[in-house]
Amino acid sequence: MSITKDALPVFPRLPFSAKYLSYAVLVLAFLGFLDATYLSILHFQNVIPPCSLAHGCETVLTSKYATIAGIPIALIGSAFYITIMILTVLGLQTKNFLFTNLLMLITGTGLIISIGLVYLQAFVLHAFCQYCLTSEVINFLIFDCAWWLWRRYYKED
Amino acid sequence: MEEHLTKDQRKALRQEEWKKQLQKEQQGKRMSKILWWVGGAALLAFSVWFLVVVVNSSNSQSVSTDTSIKVPGVTSKDISEGPTNAKVVMVEYADFQCPGCGAAYPTLNKLESEYKDKMLFVYRYFPLTQIHKNAIASAKASYAAYLQGKFWPMHDQLFANQQTWAESDNPTTYYDQYAQALGLDMIKYHKDFNDPATEKIVKDSEQASLNLGLSGTPTIFINGQQVMGFNPLNGYNDLKKIIDEQLKK
Chain A
403 MSITKDALPV
413 FPRLPFSAKY
423 LSYAVLVLAF
433 LGFLDATYLS
443 ILHFQNVIPP
453 CSLAHGCETV
463 LTSKYATIAG
473 IPIALIGSAF
483 YITIMILTVL
493 GLQTKNFLFT
503 NLLMLITGTG
513 LIISIGLVYL
523 QAFVLHAFCQ
533 YCLTSEVINF
543 LIFDCAWWLW
553 RRYYKED
Chain B
1083 MEEHLTKDQR
1093 KALRQEEWKK
1103 QLQKEQQGKR
1113 MSKILWWVGG
1123 AALLAFSVWF
1133 LVVVVNSSNS
1143 QSVSTDTSIK
1153 VPGVTSKDIS
1163 EGPTNAKVVM
1173 VEYADFQCPG
1183 CGAAYPTLNK
1193 LESEYKDKML
1203 FVYRYFPLTQ
1213 IHKNAIASAK
1223 ASYAAYLQGK
1233 FWPMHDQLFA
1243 NQQTWAESDN
1253 PTTYYDQYAQ
1263 ALGLDMIKYH
1273 KDFNDPATEK
1283 IVKDSEQASL
1293 NLGLSGTPTI
1303 FINGQQVMGF
1313 NPLNGYNDLK
1323 KIIDEQLKK
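Taken in sequence, the protein lines are chains A and B. Numbered per this note's numbering, the first sequence spans residues 403 to 559. Numbered per this note's numbering, the second sequence spans residues 1083 to 1331.
Just chain B, same shape as in the assembly (with noise of 0.2 Å):
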């Protein structure tokens, strides 16, 4: 068909075929830059929407308990709270320091005032040495306060306010605070702080929990067995559920 066209006919025509593909080109190199835009924006959300998924899973794994560590037994040297001859002892290894340790806090004060009749609370020194520094400070504070009856409100006092004194390179200014507001008799609570016997007390326990292979805070024995993939900030329901079923054996 195209014999029977003029030269200049034929230009044109093959000029209009150009046209065309270059508009078609055009349009495909729009099309993918558009692609490319919304492409990214759409992988992006799903990234976002699979870490959501990935982080709520790993925070909805349930309790278990083990028994592969054998805690010590309670002795008249522990620091406790509660009935000694309690059916349900439950004993937490914890370092001032330690913001899971912080924020378990509220959580197990909760349970200590609700089964105060029924369970024995032990609390176990595991300073983090090598990676909070100010964790052995911290305990010689509360131990200082506990040859004077007030473990348990420095305990309180430091947890309440862990983030205050945390990273301070003089932390002993607060615990001083937190002693002069439990009305201690503060030469007594210095020299029991300074004392190298107190320090021995706490560094003695860290090395027991050491040796007891434990690798973190807090970590929770409830009648010897250790309570696996608990979290810190919910876990009310998860320990009482335990602590429950102790007490019916």
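Bound conformation, chain A alone (with noise of 0.2 Å):
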């Protein structure tokens, strides 16, 4: 049983353990959840905030980029962080591999899906939202925890 462990590739020390590294997927969650809901609410009360040179939140939220089929981004952003949370707590209560694996993928599509809506902003708009930007930044760093959560699950079997 111990060689098949030895063959492993030896992954360097990780540096937090499970339960940390799903409590830093929640905590990152919620903000992002937080930040996602605020820009859907903006969207159905109809919000038209001025247009200024200082940043350009407006012409990134009401560029045809912002909806899909008439569904704002930030409300599928919403989705897509209560879907993170509803999987880190199952895979902290069942212990099972299977939400882990659910969570890299899900977290893997949102930083995809993250690196092309900072793509429009920097390259097609030419504008950046702040809000936006702040989702993009929330992605990245779950994604590596995820990934991080999902190595020590790998390591740990």
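A couple of the hints might just be wrong.
Below, simulated DSSO-like cross-link-like pairs (lysine-lysine); rule was C-alpha separation at most 27 Å, straight line [unchecked claim]:
{"hint": "1", "chain 1": "B", "residue 1": "1111", "chain 2": "A", "residue 2": "421"}
{"hint": "2", "chain 1": "B", "residue 1": "1106", "chain 2": "A", "residue 2": "421"}
{"hint": "3", "chain 1": "B", "residue 1": "1115", "chain 2": "A", "residue 2": "421"}
{"hint": "4", "chain 1": "B", "residue 1": "1106", "chain 2": "A", "residue 2": "497"}
{"hint": "5", "chain 1": "A", "residue 1": "421", "chain 2": "A", "residue 2": "497"}
Covered stretches of chain B, going by a simulated chain A footprint (3 or more residues, C-beta under 8 Å) [what the hints assert, rightly or not]:
{"hint": "6", "stretch": "1115-1127"}
{"hint": "7", "stretch": "1131-1140"}
{"hint": "8", "stretch": "1177-1183"}
{"hint": "9", "stretch": "1208-1221"}
{"hint": "10", "stretch": "1285-1299"}
Quick caveat, the hints were computed from the structure, so don't treat them as lab data. Note that the coordinates shown come from a computational prediction; the quantities given were computed from them, not determined experimentally. Beta carbons: idealized from backbone N, C-alpha and C, even for Gly.
Can you join these two chains into the complex? Each is in its own frame, and there are hints to help.
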């Protein structure tokens, strides 16, 4: 039994326990949820801010890329963060590797979409929205945590 | 009391206690699991409610006026509508590509038509070139229309169709359509659109706005007072109140 373990490549020592990594994901996802939900509420209340040279939020939020088939991306973001929270709590409670796998999958997808959204802001709209950038940074951090979590479970198996 | 029990009885008693403890622990675990879900759902519901309250309160902030920026007086070079000797002068610094200006346009149009005999309405170009790639082109299209006396219809067309041309890489095809629909002389329109003098007027206006210290659009002045905290979508009553106050003076 120890032979197979020894045969595995040696991973560096993981800095945090699975429990704390899960808590980190939960806190990040909650912050992301606040951010995305705030933008969703703005969208549905039809608040159109004045245009300011200091920031480009209105340009980004009122662009055609802010919605997909009438659904604001912010709302999809809220659902995304709720899904992450549910998967993380399920993972904590059941210790089932399936949920960590799913978490890895969904946060990876989130990261790719985030990179796409940053690209749109930088090269298509030429305007950045600080709320969107916050969400994109959060997605990057959540992905990191999920990756460490996945590695941890992988090692413990 | 335990001393009177036989060894087997004591064993059974201890086992029962263990069982009870195990059950208690399992129940505690189940409770904590349920608490996670209930607590989490409550926290999320509370935060949604809190955010709605925050958005609503920032939405209903009161409008005020500020005179720290000295807006230049109206000259014959200004694009305006209404009686030149009007008691109330409303100056709007706007960008045709700004969604906020697009949202404010129906409100301002309504006020213009209601006060057309008592108010002079002035439109000044403040293209936000850093964030809106078609800001200059749209202003040029409106100026070319202005030279044929059709600024306001073109202004309406540009705002009404803002979503169509805003992110277009070739917005002039749309502007040409609007110009044609307004019955403009297209040869003169194209000549004026491409005239460097037209671009200079727009860019000079941009520079003048920046020099004035304006930071965005729409910026509205009523008789030299800057309207602060104006909501583009439902600012009708706020603006009307200020106009009425000025008319009474």
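Now for the hints, and whether the structure bears them out:
1. 1111(B) with 421(A): Measuring from Cα to Cα gives roughly 16 Å; hence the hint holds.
2. 1106(B) with 421(A): This hinted pair holds, its Cα atoms lying about 23 Å apart.
3. 1115(B) with 421(A): holds (15 Å)
4. 1106(B) with 497(A): holds (21 Å)
5. 421(A) with 497(A): holds (10 Å)
6. 1115-1127: holds (count 6)
7. 1131-1140: Since 5 is at least three, the answer is holds.
8. 1177-1183: It holds: at least three residues are needed, and the stretch 1177-1183 of chain B offers 5 whose Cβ sits within less than 8 Å of chain A.
9. 1208-1221: Since 5 is at least three, the answer is holds.
10. 1285-1299: With 3 residues in contact (Cβ-Cβ under 8 Å with chain A), the coverage given for the stretch 1285-1299 of chain B holds.
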